[in-house]
Amino acid sequence: MFSRWNWVACGFYLLLNICSPDASGGLVQSCGHIIPESPVLALGSNFTALCILNESCLDFGNIYANQIIWKIKNRLVPKEQYREINRTVSSVTFNDTSSLSTPLTCNILADGQIEQNIYGITVTVGLAPEKPKNLSCIVHQVSKLRYSMTCSWNPGRHTFLDTQFRLKYSWPQESFPDCIPKGVNNSCTVPDVQFFVNTEIWVEAANALGKAESDPLILDPVDIVKPLSPHNVSVSSGILPTVLKLSWENRISDAVMKLKFNIRYRIFGDPNWMEVPSEDTASPRTSFSVQGLRPYTEYVFSIRCMKEDGVGYWSDWSEEKTGITTEDKPSKGPPIWRIVDASHSPASWTVHLMWKALKPFEANGVILQYEVTVRDKSSLSSPLKKYNVTSTNYTLQLPNGTYEVTVIARNKVGTSPPSVLLIPASNSKAPVKNLITLPKHDKLWVGWTAPNSYVLKYVIEWCLVSSSADCIIEWQITPGDVQGIDLKGIKPFKCYLITVYPLYADGQGSGQSVKAYLKQDRPSKGPTVQTKKVGKAEAVLTWNHLTVDEQNGFIRNYTILYKTVDGNETVVTVDPSKTEYTLSSLSSDTLYTVRMMASTDNGSRSGPDFTFTTQKFGKGEIEAIVVPVCLAFLLIVLLGVLFCFNKRDLIKKHIWPIVPDPSKSNIAQWSPQVPAKHNFNSKDQMYPEGSFTDVSVVEVEADDKKSFSEQDLKPFDLLKKEKSTSEGHSSGIGGSSCMSSPRQSVSDSDEGETTQNTSSTVQYSTVVLNGYRDQTPVQVFSRSESTQPLLDSEERSEDHAGGGDSTAQRQQYFRQNGGQDETNTDRSCFERTKQITRANEGDLVGFVQLQISGQSSQPLGLGMEKNTQEAALSNVSQTSTEGQTMRPEAVEENPLSVDEMPKSYLPQTVRQGGYMPQ
Amino acid sequence: SPTGDSWGIFTFLCAALCNLPALPALNCSEELGAGQSIQQTYDLTRYLEHQLRTLAGTYLNYLGPPFNEPDFNPPRLARAERVPSATVDLDLWRGLTDNARLAANYRAYSRLLCYLRVLDGQVGTAELRHRLAHFCASLQGLVLSIGGKMDDFWLLKELQTWLWRSAKDFNRLKKKVPPAVVTLRLEARGF
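As given, the protein sequences belong to chains F and H, one line each in that order. Throughout the first sequence, residue numbering follows full-length UniProt numbering, covering 1 to 918 in sequence. Throughout the second sequence, residue numbering follows full-length UniProt numbering, covering 1 to 191 in sequence.
Do not rely on the hints blindly, as some may be mistaken.
[As the list claims (entries may be wrong)] Computed Cβ-Cβ distance ranges for the label pairs, DEER-style:
#1 R53/H - S247/F: 38 to 48 Å
#2 K359/F - R53/H: 33 to 43 Å
#3 E130/F - L128/H: 36 to 46 Å
[Claimed, not checked] Partial pick of chain H residues on the chain F-facing surface, computed with a CB cut under 8 Å:
#4 D43
#5 L44
#6 E49
#7 H50
#8 T54
#9 T58
#10 S110
#11 H134
#12 G141
No wet-lab data here; the hints were simulated from the structure. Treat the numbers as computed from the prediction; the structure is a model and nothing was measured. Where a beta carbon is used, it is the ideal one built from N, C-alpha and C, also for glycine.
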């Protein structure tokens, strides 16, 4: 060390001399030195160095101690720290060595300016070692006869210096060579150690600034031994199925120490170790029989040892060895349950027996087969049926009854106790009460209250309820004193149907079921809502329940949310059992958007939106308006008809004034051109000569049909009136539509009879025909004084009719009317009859005669009459087609007139307004 | 020959160690404190015996036949005569006082140890050398243990005698000095 720094210092010195611009030859040689040379200093202490100049240099270069300057590296040390001791010696003092660093140089200012290095030293700063603490030792057994002792300690603070640790140990009168750690400073291993002699052990730490020793440990190394674990462990099965014998070899001699042991074991595959009670293995041994094991189970063993008195350390656990216990007969019968299927035929059951394979610790070996015995309890004489089964289920066909089913498991060693199940006729006994479920982490706890009577066992059945798959039943049996069970393998968000049956000594109780979820979620979809019926202010909504797969939990309620386009949303909560709801107080004729939300405990989900529009009118509203209006109208019409009916004479008088009947005139009687007249002679004679006194001007307007009805009504009134005041109208207001003219003519003929008395003169009038709807009137002619032209005109009109198309159509129309509408014809006949009756009032005898003659007369002779009748008929027919209010009267009053209905042909000229010849 | 010496030592050691359990002093464990120490020494002798059994077997095997033959009995040479012999009559040994037996033990082990150390350098294999070194160290422990106990005994004995003497001396001096000077004398004692 010293030499190294010396070299550094020399090198540094040379470098300075070479670099010096004014290197005089005399200064090349060393002019002085520093004391102390290469000091090692304690951190924080003070330090003084002296620079001593050689006498030769003083003489040679006029160099004195007051010219000395000190430097640390290239940094000048402040002058305050210098002290000139004499001409050749200068000292520098540092109060704290932490400000020091290497090199510390002594320099001189030659010629007042030029700095020359005299000498340099290295300074090492560090700390003295601390006392090593926490010394502890352990003796490791390396082999059967070799033991090494490893001691470790806390070396204390870092010293910044090269510090040596030595582990020392000695006997009272004998020391051993020190143990020097290699590569570390906190532990050392002594390769060989002597037992049974108290040994003092301590650690010494030393560096340039001092040394320190730990507190000594005085111990017998045999008390800190960690032995090697026992080896060659072997496991052998004994005679008993619950015992395995463990053997091993110890690797430490009895002469060194006696051992005690720990034995641990576990079931193969199970990570949890069990331990043989330590007091059972507290003495030296090389084998041990582990008892209380399960039959036919693979066990893993491991062993460790330590000094018998417990002083020292446990060895490591030995290697693991496995062994299998021998088989034993099964400890219990398999749990058994059944599904009874009575659906195939009522008289017998299909019984699916099922049992669970015994757990390994119950089976105690390899189950070779199951023995199923079925005994009919209802008949003692029936023989036992035995079946040997290798699977864990069996299906039986049994007649209805009570059976005792026994299942026994058999392995190589023997048989299990029997498992008994009664298959009763019915589950009539008391069920469990208060069946509840509670989710516990990933398990579903099912709890119940026991029935009052003693229960042997409970059977818990459960299955996943799904709309897509059948409920596959899983089951489990618990002892009768248990009132709760954790179901494993339950999936979250799925509905499970759990049923608990109590099994009694003499039968089984009926099952109690509950539906449960391990964990609920919000439904996977919302209900789809639709309207069933939409009214003005209400709408009936309907929806389907979510399937069980979509529910993901118990549906606690449905929520209906509906709103108009711009209105607020209204929320209605609906009971989950409902599938229909009526929204009321809606606005009419409004578009509503409705959606529905299904909620479970863990959330809700909405279905799609549905829109509907409420109706403008409510149910029956239209009817309420229309029906009264119709009724009112009907009433008015009825009243009008009644009024008309009452005043028909008056109307008739006004509308159908009595027109003298030319046919009843004397002229007609003599007319040779009418042969029929001759046939009627007898009748004609009834009429007095010159009875027609009135002169009428008839202006016929063949306008639209409406006018007919009105015009038709008038004659009735007028006729009525005429009954009382006949003479007032006889002045010649015989004007009427051409349609009514035939009937008029009948009336006229009646009238004629009355007027015959007053006047015998017939006044001819001019008939002015307006064209139909502004058509040019077809015929205009004036009637002469003579009656002859009238007959001609009739003939002519007939001819004319035959030539005119339009008239032919009308004829057709009337004919259709007559044929199709019986009532019309009836009424018309009645009408006619009435008129006849009324006419009878005026001239009773004459009319009767006329009727009789009409019925009995020959067709030829009746021609005229027929014509007149039919004209009246067609007129009435037409009227009746327009307003049918008159019809009932007609039906009631004159049924017999059907026979009288004229079948003859009506001349078309009537329509044309042609004057009807009488 | 050295082999002959070694043989002699081993036979002696074996014989001596076989007699060790018979030592009344070492067997005594009635007193708790002494018992622990005696127990430790007893354990050490058992341990040495165990070591020697394997060591001797290994070494004789190393020598090879006829030395490893069970009944081989070579003649005792002059050097082997110097090895302390434990082949004394057992009744005669028991008839000796504890003092004599302890002294004989210590003397024998001390000398045996010296011979054993000579043997140490001659052993061929490293393993045997190691075992022999270990055995020597253990035997050294036994010698030190026995010697230590005797030293401790004499240390305490001498201390007791000296104290007894001192007490007598001071008692005599106390009678000579008048009572007035007692304080001064006590001060002087402080120095």
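These are the hints, each one checked on the structure:
One distance hint, 38 to 48 Å for the beta-carbon pair R53/H and S247/F, is violated here, with the actual separation near 24 Å. Separation of K359/F from R53/H is about 54 Å and departs from the stated range, judged on CB atoms against 33 to 43 Å. Between E130/F and L128/H the C-beta distance comes to about 44 Å, which sits within the given range of 36 to 46 Å. Given the 8 Å rule on beta carbons, the hint for D43/H holds: about 5 Å separates it from the nearest Cβ of chain F.
At its closest, the beta carbon of L44/H sits 3 Å from a beta carbon of chain F; the interface hint therefore holds under the 8 Å criterion. For E49/H, the interface hint holds, since its Cβ comes within 8 Å of a Cβ in chain F; the closest pair sits about 7 Å apart. Restraint check, H50/H versus chain F: the minimum CB separation of about 3 Å is within 8 Å; hint holds. The interface hint given for T54/H is met, as the beta carbon of that residue sits about 7 Å from the closest beta carbon of chain F, less than 8 Å.
Hint on T58/H is violated. Least Cβ distance to chain F is approximately 10 Å, over the 8 Å limit. At a threshold of 8 Å, the smallest CB-CB gap from S110/H to chain F is about 12 Å, leaving the interface hint violated. For H134/H, the interface hint holds, since its Cβ comes within 8 Å of a Cβ in chain F; the closest pair sits about 6 Å apart. Restraint check, G141/H versus chain F: the minimum CB separation of about 4 Å is within 8 Å; hint holds.
In terms of the numbered hints stated before, the structure departs from hints 1, 2, 9 and 10, listed from lowest to highest.
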